[in-house]
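Take the two lone chains and join them into the complex the hints point to.
Protein chains in written order, with the numbering used here: chain A, 1 to 296; chain B, 1 to 354.
If you are wondering where the hints come from, they were derived from the structure by calculation, not from laboratory data. Cβ coordinates follow ideal geometry from the N, Cα and C atoms, glycine included. One or more of the hints may lead you astray.
[Claimed, not checked] The following label-pair restraints were derived from C-beta to C-beta distances:
(1) B:210 with A:282: 52 to 60 Å
(2) A:133 with B:40: 31 to 39 Å
(3) B:254 with A:185: 48 to 56 Å
(4) B:58 with A:282: 55 to 63 Å
(5) A:185 with B:70: 21 to 29 Å
(6) A:200 with B:112: 20 to 28 Å
(7) A:231 with B:130: 46 to 54 Å
(8) A:185 with B:112: 25 to 33 Å
(9) B:163 with A:231: 53 to 61 Å
(10) A:277 with B:17: 54 to 62 Å
(11) A:136 with B:164: 35 to 43 Å
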Amino acid sequence: MADLKAPASGHDKLMIGQSATGIYVAHAILILGILIVAFPIYYTFVASTHTLQTILRPPLPLLPGPEFWNNYSQALSGGVNRIGGVGVDTLLVNTTVMALGIAIGKIVISILSAYAIVFFRFPLRMTFFWIIFITLMLPVEVRILPTYKVMVDLGLIDTYAGLIVPLIASATATLLFRQFFMTIPGELVEAARVDGAGPWRFFFDILLPLSRTNIAALFVILFIYGWTQYLWPLLVTNSNSMNTIVIALRKMISFADADTQWHLVMVTAMLAIVPPILVVVAMQRWFVKGLVESEK
Amino acid sequence: MATVDLNDVRKVYAGGVEAVKGVSIAIPDKALCVLVGPSGCGKSTLLRMIAGLETISSGTISIDGKVVNEIGPTDRDIAMVFQNYALYPHMSVYDNMAYGLRNRRTPKPEIDSRVRATARTLELEQLLDRKPRQLSGGQRQRVAMGRAIVRNPKVFLFDEPLSNLDAKLRGQMRVEIKNLQRNLGVTSVYVTHDQLEAMTLADMLVVMNAGLIEQIGAPMDVYEKPASTFVAAFIGAPPMNLLALARETDGTATVMGGARIEGSIPQHAAIVGLRPEDALVSTPQSPQKGALSLPVTVEAVEPVGMESFLHCAINGERIVVRVPGRSMVQPGDTLEIAAGLDRLHFFDKDGKRV
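For reference, chain B alone in the conformation it holds in the complex (with noise of 0.2 Å):
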């Protein structure tokens, strides 16, 4: 039960390499906050930060209202989930669990009791006398999170920790993780680098880029109004097509080549941005008008099931755009696509939604 509030947070390593230039965020009580970006954005030497495990170069970092820029991991009061498990090898799952405890000189009766609810929350009930190596990768991945459930700490911190397993397993654990979560009402900071993962367990999103705070959102409000282009690009799958903006002498905006884009366009704007579900493809039996129509090729189709995605292209750009259901579309096919201008993104030239 504890806010977490990261003030200018700033880690330069002893090389000057500048992994985290300025980071602010302020994840309330009992919100999940996901770190997402791509490899190398520094999301993850926040997150250890914040646990204690690598030092803070400016800025500070309260757990609780108290700064615990001093504080070792021990007595922060968070309890962690590494990407690998980190499991101790030679205990049991059951000592893997109650290490924390006993390290903390909890009783004997009460740790055990711990040990045991926490069990039977994860269903690892029967596996307390195993070892780790005696587990597979997801009952490994539970053991990890109880030996943090058990120990009721202030804020969980997860690094990557489904990465390691198969997609369906992935599945599954991230609904038990977002449930596990609302349940314990534990203040939880969770790195990622899967937009999927980010945008399903979020309360609270926080796109990084280059050591840089991109957006912080709720996950639909990023999704529905990316604050830069890089945001548009990273979350999303298929991304966002971002095209450049063609200004012409009359005043009016062009893209691919010379579609006209009808209606009021934010002055600076410099790139226009459309997710594939929002370009509507139009048919003599439905046509589709909006401020924007395209009449492209189609380079390719790809079928997912209950959608597909057809791969286009006009004037040498591409656009990538999401059809419901089985598409008939053929590649080598000519299509007429639009949008309206509510369903646009407009960017500056820096890549700065306008």
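Next comes chain A alone, as it looks inside the complex (with noise of 0.2 Å):
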């Protein structure tokens, strides 16, 4: 069969109507994209590998330096001491945990409510799905004042849980799960019940496996939006030790130019950058899946 194939040829990628002009256009534009956003996170590589000596002095090479080993482990292990001898695995560890627990928490909050919401008739279900839509309009930092004063009141200053539950209540999330309910058709609902399911052997032997992609494509968006949270952890974390990995960052930075760590600061804004691209790695093929896919 192999001789009667027709020759290959770069025309056969082709899509109809593309020329190989257009094909070269766009891969200039790609690349020229790709090349503005990747290079301050190249160029901040460089300069975690060079002294602090070589980066005060401009300009800064363009190639890695020799001191990646001494930096990183200075890094993790040393401790820097602007920031009260905290090393950064503490912080990671710390930043994760935060993210973990805001991007799991709010998944399975927002299902439950959107499962409640979609598939239960109860008084008032329209009043609370409401209710829900208009916190979209109140974002932390709106309800910021408050919100602090109630984590005084509890005692959650300075724990994983003041960290966590202020930002745990997802409407947007909620309205995703909701709209991704109503489009699973009555009939199979139907058939689970006639099938002897139950509201919760529903949810856990249907609703779950269907909403997998949706579940993974939102856990990678709110893992990153609980990795980079700024301005709440920066108010409810007093010790160090507490503090999240870029709040640390900020810390390094506070001071007069010449004292700060320039090289540590890069340092741990690189390793600041590898969890969230680890999980957008593992979870790539759910989640652009997730996004894209309407086959039901």
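Right, here's the structure in full:
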């Protein structure tokens, strides 16, 4: 059969109406875009492999320097005096706990409330729905003082609960799940009822597996949302040992320029990027599926 | 193995719409009862009330002599085949069939043997590991049936299960459903809007219209003695010709602007019905005589293969006549149509058979 195949040519891969020039132009634009987006990250990486002296003496070289191991081991184990001797590892653990707590908490709460709103008929159902919807219009920044007061009264300052709980409710995620649940055909719900599945069984056996890709996509988005939180962790943590990595980064550079350990700041910045990248890579397949999938 | 009894069942929706207006049906054990009617006639609502998916506004539904009004669908011991199959998209064919049994805590070995036995009956053995999206429409239909059969319920409920299949497959599945139902001997209620499906499947045919039963009976009885003009027009394709009956001063009756009907006619008859196949075309070679004879003009000829339908007109009224085989008649020809008195159906002015 192989000899019957048409000779392979580059044109095979062209879509109808596409010219070769078009492809080159498209690639040029893509590559340019990638360069613009990736260059600051690359430059941060370069800076993280040089000594402080090199960084402070412009221009900064465009190639990585020899101090990779020194800088990274110093940041990971030695700690930085400026932020109270807390190692990057503690900061990473804190941030991971917070980001995971926010992402998982938001998903659990919003999937359950969307489940209630879509599949159950109870008094004031739509009222509850609108109340959830209205909270969309009140971002954390607007309610930050009362929330802070509540956290102080509850003694949740400098705790993981204090970091996570105020950010855990999500109207957006609830709405997303609601929209998805509304596309599930009524017949499927009825078939499950006839098959003897109660509300919990239906939720775990049918709804949850069907929501898999949506959950994955939402998890990635919410994890990064939690990871990059700035204002709330800044307020609710006093002790350096409860800092998240974003806060620590800011604390490291809040002094006179000459004193700032720029090489360590750059290492910390690089390390701060790694976990979100890992999450995106691990969830990538499902994440993309969740964003584009409509097949049911 | 159960009877299903509906006693003056009503369904009133929250908005005040009355979908089912007092329906009583007694379905004997092992029978296949077909509910047929146009869309919106309440047949699906009725089926869903039997399933327990809709509440019953008043009246009672009993399965095997036990009133089930307050019992949920899970505990009614029914199985339902849905119009769009409603297969669980993330489960394999095997799991789709096993799901109901697992929820009922059937022992694993028994689930396995029942699923495999059912798959064998439905020729699904090769597909047990596939997901629904990897199956064709007909295969999905079989899985939906398998999911019902494997449970071995007292009653099967079918909600227009063949309406998503192409015509050829629908014909095959119709025969298969009929055979399966007969072999399993499970009492079944089948909803359809397709009168052909209804005629061929039913042991007991229930024709519904606007929330009420028009007629219950064996399919051929319904066909031969429609209880109303609605049934007459709904069952049979093309439908029965219904002609207004005019009373002349001398007591005789005429149709279509003057054609007399010979013989005695029921007193209150206001409409006369004639099935297309009961109208005979009179030719000089084989003159036909009957109680009714109409000189008509042919407007259109529809050859469908083994028969042809002649659309004829007289004085502005239309009548369809079936003739066997290929017809030599051309549009524009004039014909003489005849029908015997025993072939005429008479209805009063409200459409009831007299």
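**Prompt:** Which hint numbers does the structure go against, in order from smallest to largest?
**Reply:** Of the numbered hints, all hold.
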